[in-house]
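2 protein chains.
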Amino acid sequence: MKDEYPTTERSRLRRKHDRGSHQRADVFAVLDASPLSHVGYTINGAPYVTPTLHWRDNDRIYWHGSAASRFLRKAEDMPVCLTCSIMDGYVLARSAFNHSINYRSAMVFGMAQIIEDSDEKAEALRGFTESFFPGRWNSLRPMTEQELKATSVLWMDIEEATAKVRNAPPGDGEEADVPVWAGILPLRTVFADAEPAPELPGTIVLPEALGELLCSGRLR
Amino acid sequence: MKDEYPTTERSRLRRKHDRGSHQRADVFAVLDASPLSHVGYTINGAPYVTPTLHWRDNDRIYWHGSAASRFLRKAEDMPVCLTCSIMDGYVLARSAFNHSINYRSAMVFGMAQIIEDSDEKAEALRGFTESFFPGRWNSLRPMTEQELKATSVLWMDIEEATAKVRNAPPGDGEEADVPVWAGILPLRTVFADAEPAPELPGTIVLPEALGELLCSGRLR
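Same order as they appear, the protein sequences are chains A and B. Sequence positions in the first sequence follow our numbering and run 1 to 220. Sequence positions in the second sequence follow our numbering and run 221 to 440.
To be clear, the hints were calculated from the coordinates, so they are not data collected in a lab. Because the structure is a prediction, the values reported are computed rather than measured. For each residue, glycine too, the CB sits at the ideal point set by N, CA and C. Check before you lean on any hint, since a few could be wrong.
Under 7 Å between C-beta atoms, here's a sample of chain A residues computed to sit facing chain B [stated by the list, open to error]:
#1 127
#2 129
#3 155
#4 158
#5 185
#6 191
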């Protein structure tokens, strides 16, 4: 396995301002840090961007079909672009031009595939659940055949990818004589306290693994 | 101004699972809650999804051209889809099928336009800065002609839009006899303490308005 993804014009578009990387490790780091991604399809020549949750098995990215399933049935072998972005903070500079954000973003290109086989789909959904909540799958009420049919799982093998990261103070330190506050307003996505379902029996407490997740600073 | 956006097939795709709304107020509420959006373009028939910050003046949405400017110069009059999504929490159910997330999402369709006129662009950038940090624009070192040229601002008038929101406990309360923890793990995006730029003179303290933003629970 190579460390770096190949590039064509579409992924080079993104490297322009020099924060880009085609390193596999950089791309994986972003994809693994946040489960929310936006998948772009082309429908009748026009773009359609839908939010979803993704998970990853090496170079294969899976995502949840969710809504829009009528058209997702036609998505097989369609080119897709999956982008995952995390805002880490606002960067306030002395000039409007140097205002920015600190962020991490990965943009991944490939061809959408749909899992048709029931066993494969069940295995992918197990991977999905376990990627968020290790050990949870076996504690759940098993999936029914009907539920499995009602769920779409798509995947692609990464053909090209770029990661971009900005993690720095404002870039106009040489203008420090401008009398305005400059710096970073950091943003963090964190868990609040767990909210048990209304009908949850009082005897069932939050599993230790979930309690650890809430305190971990990670999203999965 | 009508309260509801018109619908065609593309936005109906999204209403399928009944959490959708075409109400202007619902769409605005999501767009205004988070500045991060993902804009989809079609380039050579394939999708390209890029993260950006957006701001809004009534039905007109602006976004920052950022990278990819070579191709953005060709984006004029291209159909775009701008999607803005906020994860509010993981929803853990008794069955894998009923796992979900609480979220708010808006999907907006229109034709991309590029601001060419310098004065218009400067005015849009003022609106951008002020939408985040009211009062800040006038305290900044003024923009130079060169900076203005180096910045792209795009906009579209919303032609169609949908908002989707899920904000509920797990949907399988009738399966409360399955002995597994169920409920919500809420997610919040919050500010951490401001980090002054390294070279910021010690005499310049954080403006009150920024301090209030940090404590407000809002992102702008």
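Right, here's what the structure says about each hint:
1. 127: violated, 11 Å
2. 129: holds, 5 Å
3. 155: violated, 16 Å
4. 158: At 15 Å from the nearest chain B Cβ, residue 158/A fails the 7 Å test, so the hint is violated.
5. 185: With a minimum Cβ separation of about 5 Å from chain B (threshold 7 Å), the hint on residue 185/A holds.
6. 191: Residue 191/A check passes; min Cβ-Cβ to chain B is 6 Å, inside 7 Å.
In this structure, the hints that do not hold are numbers 1, 3 and 4, in rising order.
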